[in-house]
Each structure stands twice: as C-alpha cells, then as structure tokens.
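Once you've looked at the hints, dock chain E with the ligands against the given chain H.
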Amino acid sequence: MISIKNLHASIDGKEILKGFNLEVNAGEVHAIMGPNGSGKSTLASVLAGREDYEVTDGKVVFNNKDLLEMSPEDRAREGLFLAFQYPVEIPGVSNINFLKTAITEIRQYKGLPPLEAKDFLKLVKDKQAMVELQGSLANRSVNEGFSGGEKKRNEIFQMAMLEPSLAILDETDSGLDIDALRIVAGGVNKLRSSNRSFIVITHYQRLLDYIVPDFVHVMYNGQIVKTGTKELALELESKGYDWIKKETEQAI
Amino acid sequence: MNNVSVPHITQSAADHFRLVSASLPGDSKVLELRTNAMERFVAKGFPLKSDEEYKYSGTEKILKDEILWTTEIAPERVIDFDTIRNLHKDALHVFFVNGELIEQASDINALQNKLVICTLKNAAYDHAEVFNKYYGKNVVGFDDAFAQLNTAMACNGLLIHVPEGLIIEKPIQINHIGYANNQSFYQQHHLIIADKGASVNIIENYISNDQSDAYFNNQVNEIFIAENAQVKYYQLQNENKQVVHINATQVHQEQSSYFDTNTITIGSAWLRNNLNIKLNGLHCETHLNGLQILSGQQHVDNHTLVDHQMPHCNSNQLYKGILKDKGTGVFNGKIFVRRDAQKTNAYQSSKNMLMSDDATMNTKPQLEIYADDVKCSHGSSTGQIDKNALFYLRSRALSEDKARTLLLHAFAIEVIEKINIASYRSYIENIIEQRFE
Ligand SMILES: Nc1ncnc2c1ncn2[C@@H]1O[C@H](COP(=O)(O)OP(=O)(O)OP(=O)(O)O)[C@@H](O)[C@H]1O
Ligand SMILES: [Mg+2]
Chain H
1 MISIKNLHAS
11 IDGKEILKGF
21 NLEVNAGEVH
31 AIMGPNGSGK
41 STLASVLAGR
51 EDYEVTDGKV
61 VFNNKDLLEM
71 SPEDRAREGL
81 FLAFQYPVEI
91 PGVSNINFLK
101 TAITEIRQYK
111 GLPPLEAKDF
121 LKLVKDKQAM
131 VELQGSLANR
141 SVNEGFSGGE
151 KKRNEIFQMA
161 MLEPSLAILD
171 ETDSGLDIDA
181 LRIVAGGVNK
191 LRSSNRSFIV
201 ITHYQRLLDY
211 IVPDFVHVMY
221 NGQIVKTGTK
231 ELALELESKG
241 YDWIKKETEQ
251 AI
Chain E
253 MNNVSVPHIT
263 QSAADHFRLV
273 SASLPGDSKV
283 LELRTNAMER
293 FVAKGFPLKS
303 DEEYKYSGTE
313 KILKDEILWT
323 TEIAPERVID
333 FDTIRNLHKD
343 ALHVFFVNGE
353 LIEQASDINA
363 LQNKLVICTL
373 KNAAYDHAEV
383 FNKYYGKNVV
393 GFDDAFAQLN
403 TAMACNGLLI
413 HVPEGLIIEK
423 PIQINHIGYA
433 NNQSFYQQHH
443 LIIADKGASV
453 NIIENYISND
463 QSDAYFNNQV
473 NEIFIAENAQ
483 VKYYQLQNEN
493 KQVVHINATQ
503 VHQEQSSYFD
513 TNTITIGSAW
523 LRNNLNIKLN
533 GLHCETHLNG
543 LQILSGQQHV
553 DNHTLVDHQM
563 PHCNSNQLYK
573 GILKDKGTGV
583 FNGKIFVRRD
593 AQKTNAYQSS
603 KNMLMSDDAT
613 MNTKPQLEIY
623 ADDVKCSHGS
633 STGQIDKNAL
643 FYLRSRALSE
653 DKARTLLLHA
663 FAIEVIEKIN
673 IASYRSYIEN
683 IIEQRFE
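Residue numbers (the working numbering), protein chains in the order written: chain H, 1 to 252; chain E, 253 to 689.
Pulled out of the complex, with its shape left as it was, chain H reads as follows:
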C-alpha cells in the first residue's frame, strides 16, 4: 500500500523527520504513538503534500506510484486521506457542496462520470448515519462554529464519503467524548477491509481498544524507535515514554 523509506523533511531549515521508515500493507492498521513534538503531524502533513515542508531525502511509494511527485489533490485522488489534528474552519463553503465537488474530482480522475444527485444524497445519508453526524452539521459551512468533537466527527464523515485506500487519522480521538469515541471508532471499523489501510496517530491506548491495530510504533525525534503489537500501547500507557527515550539515547 505505502512504503516510506528514509524520509527526511524540514521546515524553516529545521529538520523534523530524520530518516523515517514504514511499510503498510493492504488491510493493515498501524498505530503511531510518541511524545509531543516527535514529528507525527509533520509526517502526516508531508504525506498529504503540504508545501511548507521540504523533503530533503527519502522515497515514498504509494500504490506503486512516487507519492512525493504528486500534488496534494492527486494524492487524494489516488486514495490518500488525512483526518487533520486541527481541521480548519472555512466559512461560506458548504460541507455538502464541497464534498460533492471532491467526489466528482475523484471520480473524474478515475474516468467515472459524476454521481447522480439522488445517489449522492443517498451516500450522504448513509455515511451520516454511520458516524451519527447530525444532518444540520453536514449542511453547514465546513467546520464553522463546530465544537472540537464535531470537527473530528466531520473528518470521519468526510473520510467515509471519499472512501480512501489509505487513511491517516491524526489524533482523531482527542476532543471526543466517550460516546463519540465509540461512534467514530465504530465508523472506522466499518470501513476496515482487506484493501484499505489505516495509520492511526494517537496518544491514548483507549482508542486502540476500539480500533485494534496490527502494529504499534513509537515515534521519537523524527524516527520510529520501537515497534510492537497492541500490548506495546498498554505498556506505554503504564510506563510512559522515558524508558524508550533512554533506550534510544543509549543506542546512539
């Protein structure tokens, strides 16, 4: 699905990703944990194509294509989706109209005609029900005046609408109440399939009770420093990161 090799990226001359490696196969769920500032959101942004970052080294192959060569929109059309840690508010742009445009663009890229209006509306209804997003939210301007939790839920709604092959969820669980967490995780689980993969960035083991990962990675200082299974998340929950930081520093 995606293969990230020796990825180096910097912003304003400061190196944030320092040789990041990760292989995600179709159908897998990978969790990335790690202390604040270790570069998790940077990784997500670089993969999504944010131009503020300069990639200085490394290679990313996504669905057999060179990801780093593509524009952000082409990455999305190829099936990459990033649920942002901090979704932006866009007053005046209606959620539904924008999603309609997005779906049309993706279909056009794949050589498909636009969805019929009634098929689109049905899709909206189904996916809205799936993440229990209130109809009124879908019709409002993108994230404008949404609560923190509503914004996250809207990200998952959009993910469900766009049906990506690889979804990166950047702290989608933070800001969600317990019920919302269950609903959002349920939505993600419904989307799990043998040809769809997830990279789930989180600080809390709790999310991984709902979305059970195949692998858990710890990111520190721009690299993956430890990889395990879901038990690693439990260990981190009780022990924190200090022991990993120490291990890493000793290794250097």
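Where hints are given, some of them may not hold.
Okay, derived cross-link-like pairs now, DSS-like style, lysine-lysine, Cα gap no bigger than 25 Å in a straight line [unchecked claim]:
1) H/K118 with E/K654
2) E/K578 with E/K313
3) E/K670 with E/K616
4) H/K246 with H/K226
5) E/K366 with E/K493
6) E/K301 with E/K670
7) E/K603 with E/K484
8) H/K100 with E/K616
9) E/K654 with H/K110
10) E/K586 with H/K14
11) E/K422 with E/K578
12) E/K670 with E/K627
13) E/K484 with H/K100
14) E/K366 with E/K422
Under 10 Å between C-beta atoms, here's a sample of chain E residues computed to sit facing chain H [to be verified]:
15) K586
16) F588
17) K639
18) S651
Since the hints were made in silico from the structure, they are not lab data.
These numbers come from a predicted model, not from an experiment.
Each residue gets a CB set at the ideal place from its N, CA and C atoms; glycine is no exception.
Relative to chain H, chain E with the ligands alone:
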C-alpha cells in the same frame, strides 16, 4: 492621455455650459442652481492627487486632451436588448444608450399609471413642480467637482416618482449601454423620489456594447425617501476595462424610512463611487454594501458618508474587495454622528483579499462622533487567501483552481447574500461566478 492641461478642459466645460445652459431642463431657479454648480466646479477644477478626498484617485492620469460634451448614437450599432432582458426576466427594463433613453425598447409604458417614470427633459415640462423642487437639492452640500459638473450640465436621466403609499413590486432595471467614442463624457442625473409609505426597487446595470469603447461616464443619483418609505437601490458596474466611471448617489432619508444599496463593481478602468446618506429623521435604517473584484490595472475607489443627524437611526456598511494582478482599491468610509443623534447604531466593515503581490488596497475608516449615547464600530482587514483552507480543500481532492474559486466565492457571498431581491441575487451570483474562474 497624459500630460493634459487640466485648466484647459475645465474651461472647455465652462464654455460648453454657456452655450447650452438656456436649453437645459428646469425653471429659472434650477438654472441658477446649475450656474452656481458650474461656478463651483470651475473654482475647484478636476480633483487632483493633492485633493485629500482624491488622494489615491487623482484624475491627472485619466483626463483626456479633448472632451466631447455631447454624445451621439451611431445608427449602425446594433444593440441586443433582448439578451440583456433575458438575463433578468423578473424586472421591468429601461434602456439608455450613451445616456439617451431608448423608449421603444423600454417598458416605460407598461408601468403602473400612478408611477411616474420619464426623462429629465420631459419631467421639466410634464412634472415641472416636482422636478424644480428636487433637482440638485441633494448635491448642493456636496463639494465634489464631478457631482457639481454633472448637476450643472446634465440633461439626461430619469425622474422616478413613486407617489404616496404606492408599492412597486417588480424591480425597475435601468440598463446603461455605452459605446461612446474616446473623447465622450456623458452625464446622467436621476431623481428618485419615494413619497410617504411608498416602496420601489431599482437596479442600475452598466455595460459597454463592446470591449474597445473608452468613454467617461459621470452620473449623479438623487434619492429622496419620505417618511415610512423604502428604496432598494442596487448597481452592477460592469463596463469594459477602458471606461472611466464616476458615480455619486445622494440620499436623503426622512423618519422611519429604509434604504438599502449594494454596489457590485467588476468593470471599468478607473471608477469612483460616492455615497452620501443623510439621515434626517428618527428611526431611519440604512444599509450600504459593496463588492469589488478587480484585475489587470483596474482602480476602484468607494467613498461613503453616513450622516446621522437625528436620534435612533441604524446604519450598516460592509465593503469587500478581491484584488488580482495590479488592481488597486480604496475604501474611505466616514460615519458622522451629530450632537443630537443619540441612540445611534452605526457599523462599518471593510474586508479585502489581495490575490497578488502587485495589488494594493487603501482603507481609511473615519468616525466623527459628537453624541455620547451611541454604538459605533468600524473594522478593516486586508489579507491573502487562507493557505490552510486552500490546503485542506486540496487534500480532499479539489484542484488548486477549484479550491481557490470556492474560497473566493465564500468570501464574496457575504455581500451578495445581502441583496434583497431574489431574482437579481441569482443573476449577480451567475455573473460573479465567472469572475472566479
Ligand atoms: N514552522 C516550524 N518551524 C520550526 N519548527 C516547527 C515548525 N512547525 C513545527 N515545528 C516543530 O516540529 C516538531 C514536530 O511537530 P509535530 O506537530 O509534527 O509533532 P507531533 O508529534 O504531531 O506532536 P503532538 O503530539 O503534540 O501533536 C515540533 O517540535 C514543532 O515545534
Ligand atoms: Mg500532532
């Protein structure tokens, strides 16, 4: 176009006035008012950069060596009136070509019979009392050279008089089609009078017949709104990018009256709007909105003045600009609250988006408040398109162009939504949409 001797043109205006003054519409009192206006114009001359009110819009660059004070309609030009009509079917249409009414193409005869709508020339005979009473009265206190020049010389334009209690539902769309040649300077002057409890919606649509005609269009609109009357007055300024356009709208409001204006500017090379609103009664409400979308080397200057003379009035202003290429914009908004105007609510906001490094916006809000129990505020902002929003939309598969279009539309819609005539609003939305692509 450059290096002109400005006094020479001023003199040519005065000479022309002397030649035609006796034949201009109006009685001897009106002639006196016209003569005074001419004198004031000659004393002031065309405004230059050194004039504070024209600091960013000095006319040095736009005046021509030679000006023709009369324009003619060339018979070989064919104008497709029906196409213009079909773009906004829900309105009554009136057509002017180079400032002259084209009666056979207009809906004037289809109007309700109590409503008066006629040319200034006819008004001076058929509605002499009204004409002589109102003509120029709203311009006297406005010390602007162009408005004075227009008031002195204008013989074209409309009198629209809505008698007491009459409510005109259908908007009246006045279409101005210009194709005058390069030296032409045409001037229209409307008198719009809504008597007690009357209501009327007026749209002015400015277009050029083709892309090469360059002319000077200097218009004055005097709007009198009596007690409990209501006027909506919308303009679409969409002439070709060679045209110089100056527009002064002078509004006088009486008690409990309502005025709503919306100025959409997408055309012209150089354009200046003056809006002067006098709130002369209790409980008046006035709304001023404007949107400008500029590209190339367009220059657009919006000057507003809301003069709160009486207590308990509300005014609201929202002006937005999208400036591309080397476009330059000016917003100068003044709110004047007189000592007696207690319980005034007056708000003003100017928001602008610069789409290139070469675009410039100058904003100058001015509040002059002499009453102590008022709520007034102003704000202005000039920025670029939101990069985070642009990336967000692109990360959801929208092309950069589509994303930009969507964001510009979102920015502009706030002004367009304030248009209170549904059919006209969708007409404007269609036109604006094309500007974002
Ligand atoms: N424009 C910038 N200039 C310099 N440093 C930056 C810039 N933007 C981000 N950084 C730094 O990059 C580092 C990684 O940030 P990033 O947001 O990727 O961390 P994170 O792992 O997602 O953290 P968190 O868990 O808090 O979300 C941080 O130290 C941050 O301060
Ligand atoms: Mg982060």
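We went through each hint and held it up to the structure:
1. For the suggested pair H/K118 and E/K654, the alpha carbons sit about 23 Å apart, so the restraint of at most 25 Å is met.
2. This hinted pair checks out: E/K578 and E/K313 have alpha carbons roughly 16 Å apart, not beyond 25 Å.
3. At roughly 23 Å between alpha-carbon atoms, E/K670 and E/K616 fall within 25 Å of each other, so this suggested pair holds.
4. Distance check on the hinted pair: H/K246 and H/K226 sit about 12 Å apart at the alpha-carbon level, within 25 Å; holds.
5. For the given pair, E/K366 sits about 39 Å from E/K493 by alpha-carbon distance, which is inconsistent with the 25 Å threshold.
6. With a C-alpha separation of about 34 Å, the suggested pair E/K301 and E/K670 falls outside the 25 Å cut-off, and the hint is violated.
7. As the CA atoms of E/K603 and E/K484 are separated by approximately 23 Å, the hinted pair is consistent with the 25 Å bound.
8. Between the alpha carbons of H/K100 and E/K616 the distance comes to roughly 41 Å, so the proposed pair goes past 25 Å and is violated.
9. A C-alpha spacing of about 18 Å is found between E/K654 and H/K110, which places the hinted pair at or below 25 Å, so the restraint holds.
10. For the hint linking E/K586 to H/K14, the alpha-carbon distance of about 48 Å lies beyond 25 Å, and the restraint is violated.
11. Between E/K422 and E/K578 the alpha-carbon distance is near 39 Å, which puts this suggested pair outside the 25 Å criterion.
12. This hinted pair checks out: E/K670 and E/K627 have alpha carbons roughly 22 Å apart, not beyond 25 Å.
13. The straight-line distance between the Cα atoms of E/K484 and H/K100 is roughly 35 Å, outside the 25 Å bound, and the hint therefore fails.
14. The suggested pairing of E/K366 with E/K422 holds, with an alpha-carbon distance near 15 Å, which does not exceed 25 Å.
15. The restraint placing E/K586 at the interface with chain H is violated, with a minimum CB-CB distance near 28 Å, outside the 10 Å limit.
16. A hinted interface residue such as E/F588 counts as satisfied when its beta carbon comes closer than 10 Å to some beta carbon of chain H; here the least separation is about 31 Å, so the hint is violated.
17. With its C-beta approaching chain H no nearer than about 8 Å, E/K639 sits inside the 10 Å limit, and its interface hint holds.
18. With a cut of 10 Å, the hint placing E/S651 at the interface with chain H holds, because the nearest CB-to-CB distance is about 5 Å.
When held up to the earlier numbered hints, the structure conflicts with 5, 6, 8, 10, 11, 13, 15, 16 and fits the remainder.
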